[in-house]
Amino acid sequence: MRYGIDWKKPIVVILGATGTGKTELAVEVCLHAGGEIISADAMQMYAGLAIATNKSTVEERRNVNEHLVSSLHPLTFGYTVQHFRQQALQTIAAVQSRGRLPVLVGGTNYYIESLIWNTLLSDDQPSSDTGHCYYQDLPAGLLTMDGERLLDELRKVDPHMACRLHPNNRRRLLRSLQVWHGTGRRQSDLVEQQRICDVQQKLLFQNCLIVWLRIDRQLLHKRLQARLERMLERGLKDELIEFYDTFYDQYVAKRNSIANDNQAKGAFQCLGFKEFLPFLRLQPEARHSTNGLEIFQRCLEQ
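First residue of the sequence shown: 46, per my numbering; consecutive thereafter.
Mixed in with the good hints there might be a few duds.
30 Å max Cα-Cα, derived DSBU-like pairs, lysine-lysine [said to hold, decoys possible]:
#, residue 1, residue 2
1, K100, K54
2, K201, K319
3, K282, K319
4, K319, K267
5, K299, K282
6, K299, K100
7, K299, K54
8, K100, K282
9, K282, K267
10, K319, K299
11, K267, K100
Derived CB-CB ranges, DEER-like [said to hold, decoys possible]:
#, residue 1, residue 2, range
12, Q270, D197, 26 to 34 Å
13, L322, T189, 19 to 27 Å
14, K54, G123, 30 to 38 Å
For the record, the hints were derived by calculation from the structure and aren't laboratory data.
Even glycine gets a Cβ: it sits at the ideal position worked out from N, Cα and C.
Work out the full structure, taking the sequences as your base and the hints as a guide.
Here's what the structure looks like:
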């Protein structure tokens, strides 16, 4: 049994869009079945930004144990899905050893995929962040583009994959473009083909219950708006200011010392953080001025 895991024991996986209630369901499952939550959210793994990344509180989890949240320093660079896979499998083994049910909550779907399908990742597969040579199949011009331009390029060749990716996720955008330029095939087609052909016989866990939460679009919009209001009430603005003032200069210095900017991410790749930079770069006194509040509001609306 690799990692000390019993692959025959049950495991629950809960997936769904942001705001569908994954954590709430996970808590109920854990309370009724004696489980522990294993987070597969790439942003919640970094310490800090608890409000911005919507980390659950102990009270919200009703004391259910949660793993792989705030486990990385905010300035940790180069953390990959392979690193996550190793940590998560070790955590699953530990949860099983206590006679508990592992409940995986995504989060980040390709993190989940790395755990439940053996075909999607191999432990000895080189990391996608190992260096510039990884992108040798790409035209040189693409490597200098920002996320928005890369997303535009991907829309031209693989619109289905482009719909799944955010412009902040530059590494995955480059990976999708590399597949196209290196093979002449769309990554979305390859992923679908792989899932159809390989998933059934390659499922790692023999008793894996996968739950995908769906919700009416209008109701989801209301839930997300209510979440944003709660985040503001809990002090989102002050949290962003404190995090920026504490870590941003260190982040820039460390990023500038790394030749491969695809490794220079850390917690600052958090979706939405970049949108607040016009506000955060203001002088402290200006942030609390009328103009500063207007800039913050515009950042919120992006």
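### Query
Checked against the structure, which of the hints given earlier come out wrong?
The structure conflicts with hint 7 only, although it agrees with all the remaining ones.
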